[in-house]
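Participant: Residues are numbered in our numbering as their position in the sequence shown, beginning at 1, plus a constant of 5.
It cannot be assumed that every hint is accurate.
In the BS3-like style, the derived pairs of lysine-lysine whose C-alpha atoms are separated by at most 30 Å in a straight line are [unchecked claim]:
hint : residue 1 : residue 2
1    : 282       : 271
2    : 122       : 282
3    : 79        : 170
4    : 271       : 170
5    : 122       : 271
6    : 79        : 178
7    : 79        : 122
8    : 122       : 170
9    : 79        : 271
10   : 271       : 178
I should point out that these hints are in silico values taken from the structure, not numbers from a laboratory.
Computed from a predicted model, the values in this text were never measured in an experiment.
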Amino acid sequence: MREVGVTPEPTILVTGVNGQVGFELLRSLQGLGRVVACDRSMLDLSDLDRVRSVVRELKPSIIVNPAAYTAVDKAETDVDAARRLNVEVPRAFAEEAARLGAALVHYSTDYVFDGTKEGAYVETDATNPQNVYGLTKLEGEQAIAATGCAHLILRTSWVYGRRGKNFLLTMLKLGSERPELRVVADQVGAPTWSKTIATATAHIVAQALAADDADWWAQRSGVYHFTSAGATSWHGFAEAIFAQAMGERAPRVLPIPASDYPVPAKRPSNSRLSHDKLTEAFGLRLPDWADALTLCLSE
6 MREVGVTPEP TILVTGVNGQ VGFELLRSLQ GLGRVVACDR SMLDLSDLDR
56 VRSVVRELKP SIIVNPAAYT AVDKAETDVD AARRLNVEVP RAFAEEAARL
106 GAALVHYSTD YVFDGTKEGA YVETDATNPQ NVYGLTKLEG EQAIAATGCA
156 HLILRTSWVY GRRGKNFLLT MLKLGSERPE LRVVADQVGA PTWSKTIATA
206 TAHIVAQALA ADDADWWAQR SGVYHFTSAG ATSWHGFAEA IFAQAMGERA
256 PRVLPIPASD YPVPAKRPSN SRLSHDKLTE AFGLRLPDWA DALTLCLSE
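Can you make the complete structure from the sequences, with help from the hints?
Facilitator: Here it is in structure tokens:
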């Protein structure tokens with residue numbers, strides 16, 4: 006583990022700092038306290054005893070956990086590993102947070118829904134995951150809530166950034182190699198930049214630390230939808246990427262139905278999430294997905 010910053014208190018423990026969200030969180034949380042960054046080499050999340058001992062040793066005020074099993078298709082056959090990272094690890098963090106009187110900020114997914122709703126999903130809509138990844142993320146949400154710890158579960162979608170493996174980087178690579186691409190056009194959601202997630206999370210953490218009040222958490226603990234504003238299809242997202250990043254050199258992007266691109270894990274056709282609860286609780290309005298993409302590509 007490595008410590009970043011010099012402020013002695015409060016302690017904020019951040020997992021998965023080499024991932025696209027964790028990396029941005031590490032930067033956004035600076036100045037809010039003593040940030041302790043954990044990557045895989047420093048904290049093996051498959052060792053639940055070690056997870057618990059690290060939390061007990063550090064006694065964080067807030068645990069921020071972006072670490073997850075996110076290989077959606079691989080999870081269909083790697084169920085135990087997905088459940089370990091997406092259910093057992095969050096449960097361990099939540100149980101330790103409850104024991105310490107700390108809080109847990111955890112990230113979930115639009116894939117807890119089946120995608121059959123016509124409009125945007127709200128937090129109280131019935132869940133019905135269609136793949137193992139979505140199921141384990143939902144079970145992780147339920148495991149956290151069952152501990153009774155102070156917690157925020159932030160459901161996001163279509164996460165991308167300039168690091169790791171994501172749709173943006175895949176499109177930029179393929180677009181430089183091929184004159185024509187076929188991209189799914191009948192699945193709709195909100196592409197959400199990892200930096201948007203981190204910046205908004207830091208805003209919430211700052212509010213919590215400023216309040217320093219159990220009532221603040223008691224009033225706000227729960228699930229929130231946490232995506233960029235607006236919506237598009239994967240095809241629309243790809244076209245926006247190429248228009249901004251490649252201009253006249255952009256490949257032709259053909260719209261196809263999801264049925265023409267078979268994958269092991271079924272995806273929801275509608276991943277739109279309502280943000281009203283988030284705005285009411287924290288005064289947050291996340292930027293439109295297209296505006297965030299412009300900022301991301303400018304970095």
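Participant: Confirm or reject each hint.
Facilitator: Checked hints:
no., hint, in the structure
1, 282 x 271, "holds, 28 Å"
2, 122 x 282, "holds, 18 Å"
3, 79 x 170, "holds, 14 Å"
4, 271 x 170, "holds, 19 Å"
5, 122 x 271, "holds, 16 Å"
6, 79 x 178, "holds, 22 Å"
7, 79 x 122, "holds, 26 Å"
8, 122 x 170, "holds, 29 Å"
9, 79 x 271, "holds, 12 Å"
10, 271 x 178, "holds, 25 Å"
No hint from the list above goes unmet by this structure.
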